[in-house]
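Participant: Residue-level listing of the chains:
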Amino acid sequence: MIELTRRATFSSSHFYWNESWSAEKNEQVFGKCANRNGHGHNYTLEVTVAGEPDPVTGFVVDLKWLKDVMEREVLAAFDHRHLNLEVPEFAKAIPTTENIAIATWTRLEPAVTAARGARLSRVRVYETPEIFAEYRGEA
Amino acid sequence: MRAYFGRRYKLSASHRLHAEALSVEENQAAYGKCNNPHGHGHNYVLEVLTGGPVDEATGMVINLTALDEVMRTKVMERFDHANLNLDPLFVNRVPTTENLCRAVFGLLKDELPAGELEWVRVEETENNFFQCNSAE
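For the protein sequence lines, the chains are U and R, in the order given.
The letter at position 97 of the first sequence is residue 97 when you use my numbering, and the numbering goes up by one with no holes.
In my numbering, each number is its position in the second sequence, counted from 1, plus 139.
Calculated from the structure, these hints are not laboratory results.
Wrong hints could be hidden among the right ones.
Claimed, not checked - Here are the computed lysine-lysine pairs in the DSS-like style, where the Cα-Cα straight-line distance is at most 30 Å: (1) U:K32 - R:K213; (2) R:K172 - U:K25; (3) R:K172 - U:K32; (4) U:K25 - R:K248; (5) R:K248 - R:K213.
Keep in mind it's a predicted model, so treat the numbers as computed, not measured.
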C-alpha cells in the first residue's frame, strides 16, 4: 500500500464565535479570533490517498485528477472567501482548523471513493506553519 | 468525531552525547563530533499532535492557548536555553533527540486539559527528526 499526498494552498478569512455564548465568553475562549470583523490566513492543505499502484501506469491516482478534484470540491469554495459567511458548513460549525479539516474530508471523500481504486486516508490543514489539524475519517 | 490538532514550537538547547558506560574511544566512535567535550546546541522544533473529539461548542480538539500554556510551563521553561545534560531527566540518560522526544512526551501526556497526546516529534535539524508515541 502506498500513500500519496498532494498539497494545495488557499487564502480565506474567518472568525470564531459561538452564538449561544455571551460576547464576554466568546472573547474569553477565542481571544483575538473572536473579532467579528474577521481575519485571514494562508492555509496549506495536504490530502493523502492510499492504495496500490496501478500495474500499467504505476500511479496510485493520477495527480492531475486529484488536483482537479481538490480544486473543484474544496478550493473553489474556500479560496478567497469568508468561511463563516460563504461556506455552508460554517453557517453553524465554527471554522476552526479542526472543522475545516473535517469539511474538507467530507467534500473530497465521495469523489475519491467513487472515481478510483484509492481511498482517502488523511486530510491535514495548516492554518500557519506552526498550527495544523488533521482528520482521518470515522475510525 | 475524532480529529487531531498539532502545534510546532521552537526550542534552543545545548547537549553533549556521551555515555558513561562507554570508553573515550567508544564514545568518539559512537557519537563523533557530538561527543566533543564542551557540547554544542541546536534549534529544535517540537511538533506536538493531540487527538480527541471536536468539542461542539468550540469546534476544537484543544484550545491552542491551553496547549501553549502546558508547553510553556512543562517543557519550554525547562529546556529552552538550557543545557540538556544538566537536567535531572538526563543524569543517567544520554540527551539524544530520541531521548528528548520521549522526555517531552512524558512531561506532557498527563497534563493536557483536553484531548490525548498522540505523538511528539522533535526535529534536531532540518534534515533529521524523531517521533515517539510513548515515554517508554
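Participant: With reference to the structure, classify each hint as holding or not holding.
Facilitator: Here is what the structure says about each hint:
Distance hint between K32 of chain U and K213 of chain R is fulfilled; the C-alpha atoms sit about 25 Å from each other, no more than 30 Å. For a cut-off of 30 Å, the pair hint linking K172 of chain R to K25 of chain U is broken: about 54 Å separates their Cα positions. With a C-alpha separation of about 46 Å, the suggested pair K172 of chain R and K32 of chain U falls outside the 30 Å cut-off, and the hint is violated. A C-alpha spacing of about 28 Å is found between K25 of chain U and K248 of chain R, which places the hinted pair at or below 30 Å, so the restraint holds.
Taken as a hint, the K248 of chain R and K213 of chain R pair is honoured in the structure, with Cα atoms around 11 Å apart against an allowance of 30 Å.
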